[in-house]
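Chains A and B are the protein sequences, given in the same order.
Each residue of the first sequence is one higher than the one before, counting from 125 in this note's numbering.
Each residue of the second sequence is one higher than the one before, counting from 686 in this note's numbering.
Treat each hint with caution, since some may be false.
[Claimed, not checked] Here are a few chain B residues that face chain A, going by a calculated C-beta distance under 8 Å: (1) His712; (2) Gly714; (3) Val813; (4) Ser823; (5) Leu825; (6) Gly867; (7) Glu915; (8) Val918; (9) Pro938.
Hint data in this document are derived by calculation from the structure and do not stem from the laboratory.
Ideal Cβ placement from N, Cα and C applies to all residues, glycine included.
Each chain is listed here by its residues.
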Amino acid sequence: MSVSPARPRVKVLPMGERALLVELADGSAAEALHAELLRRRAAGELTVREIVPAARTVLLDGLDAPERLAARLPSWEIPPLPPRAEDVLELPVRYDGPDLADVAALWGVPVREVPRIHAAAEFRVAFCGFAPGFGYLTGLGGLPDVPRRATPRTTVPAGSVGLAGPYTGVYPRASPGGWQLIGTTEAVLWDHARVPAALLTPGVRVRFVPEAR
Amino acid sequence: MTDRAFAVVRSGALTTVQDEGRPGHAHLGVPRSGALDRPAAALVNRLVGNPPEAAVLETTLNGCAVRPRCAVTVAVGGAPCPVTVDGRPVPWGMPVRVPAGALLDVGTAVSGVRGYLALSGGVAVEPVLGSRSTDLLSGLGPPPLANGAVLPLGDATAAHARVDVVPHAAPPSELVLRLTAGPRADWFTPDALRTLATRAYRVSSASNRIGLRTEGPPLDRAVSGELPSEGMVLGAVQVPPDGRPVVFLADHPTTGGYPVVGVVRPADLAGAAQAVPGTRVRFVVTGALTPPPG
Chain A
125 MSVSPARPRV KVLPMGERAL LVELADGSAA EALHAELLRR RAAGELTVRE
175 IVPAARTVLL DGLDAPERLA ARLPSWEIPP LPPRAEDVLE LPVRYDGPDL
225 ADVAALWGVP VREVPRIHAA AEFRVAFCGF APGFGYLTGL GGLPDVPRRA
275 TPRTTVPAGS VGLAGPYTGV YPRASPGGWQ LIGTTEAVLW DHARVPAALL
325 TPGVRVRFVP EAR
Chain B
686 MTDRAFAVVR SGALTTVQDE GRPGHAHLGV PRSGALDRPA AALVNRLVGN
736 PPEAAVLETT LNGCAVRPRC AVTVAVGGAP CPVTVDGRPV PWGMPVRVPA
786 GALLDVGTAV SGVRGYLALS GGVAVEPVLG SRSTDLLSGL GPPPLANGAV
836 LPLGDATAAH ARVDVVPHAA PPSELVLRLT AGPRADWFTP DALRTLATRA
886 YRVSSASNRI GLRTEGPPLD RAVSGELPSE GMVLGAVQVP PDGRPVVFLA
936 DHPTTGGYPV VGVVRPADLA GAAQAVPGTR VRFVVTGALT PPPG
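Make the full structure from the sequences, and use the hints.
See below:
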């Protein structure tokens, strides 16, 4: 019975005259649908300008006939994501963020455990947003979600590694921000002369590698 | 001196370089950007003989003044305003020849908000991800114009249009925004949707290239709690916690966590670009008031 690929529950919501918002049961189902949409677009089976994954939805924008796709999409078979796909991108990090103690208290662990836990996890870029090249990375399973700071900082330096909700993110450039900061990376997250301009694109697997002090 | 460039003499309240924007990168968090009043930008490009993808200047309320270093053909459109060359009035909405070194002044709008200045050859700043547009949300593209800046011009590719009169849509005295409901109309009470469809809103002075903010009766939520971030589209009517609808314009964020009650037709957004603060807004719901069962 369970040999054929799962057919996850999908809900197709209208979004204007050219777009559809596909809602799934959870983030991993959204990532699986995202991978399938990219595959179909690459194979020429789907014409769409934007495919935008998010927390548990995928937006399709720039469709010629959204209603036709809306009727077909719920019957698609979506293969589950392969357990290990492409190479893991390693990001060097110094765990020197100002909010390490707050995160440790929230998690109920000593401060020195936060880097160990964070560096042991394998992350995946679930989606991008907030700023060009800002990825929302999932992978910290089983830990309490980290609330955003009550008062966002007016400036967060580029390369800051932060936590918010179930996500880890890295600020591609200096900007205001409310994430709890645990570290810093020298990696260049955004360079519009590079293809792709974003280092972290949806689906990419990431590990944080602590730098020796 | 014949170099193809112009100097900014008066940058105005906010003048940016705009073209057709950079769609196709929303999944990387890159807004689409581009001219807010697309038909007006396309028209001035046609008038000076530019291809539709050429970059123009988008002004805000009080225009700008530039001094081309070479002879160029220009056209000013969008919000109607006086236009002068070395202090002498020249036609608005028509191709005008400006000699090298002359001062072209795009004056304060007599109605509407955004003016468009096309120069033959187009503004030729370095493109970023295929577009020369200034993106005020994320800072991509050239910065807004500053006094004294010198911007390059491309080579003119075709003769200007030969026209006697050009029709243009007057900026609206009332802004009518037709929208289809969804994707999160069910996050609001039925009363809220009636409120949106029947009550008058006004354009808020807090509006910008990211969104047209409105003042009016707040929309009440039927579902409390937070919506996980989801993808956003041009024209999305997002409702933040204060209940006042915000219509997303060109520089809108690519994802957002406030529910979208409906999506305005892109054709109606040119009017939104020209609606001065205080303009009455009428939302006309054209789709079903509730999304179809999933």
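Structure-based check of each hint:
1. His712: holds (5 Å)
2. Gly714: With Cβ-Cβ at 4 Å, under 8 Å, it holds.
3. Val813: holds (5 Å)
4. Ser823: OK, holds: Ser823/B within 8 Å of chain A, min 5 Å.
5. Leu825: holds (6 Å)
6. Gly867: holds (4 Å)
7. Glu915: OK, holds: Glu915/B within 8 Å of chain A, min 4 Å.
8. Val918: Because about 5 Å separates Val918/B from the closest Cβ in chain A, which is inside the 8 Å limit, the hint holds.
9. Pro938: Nearest chain A Cβ about 7 Å off; hint holds.
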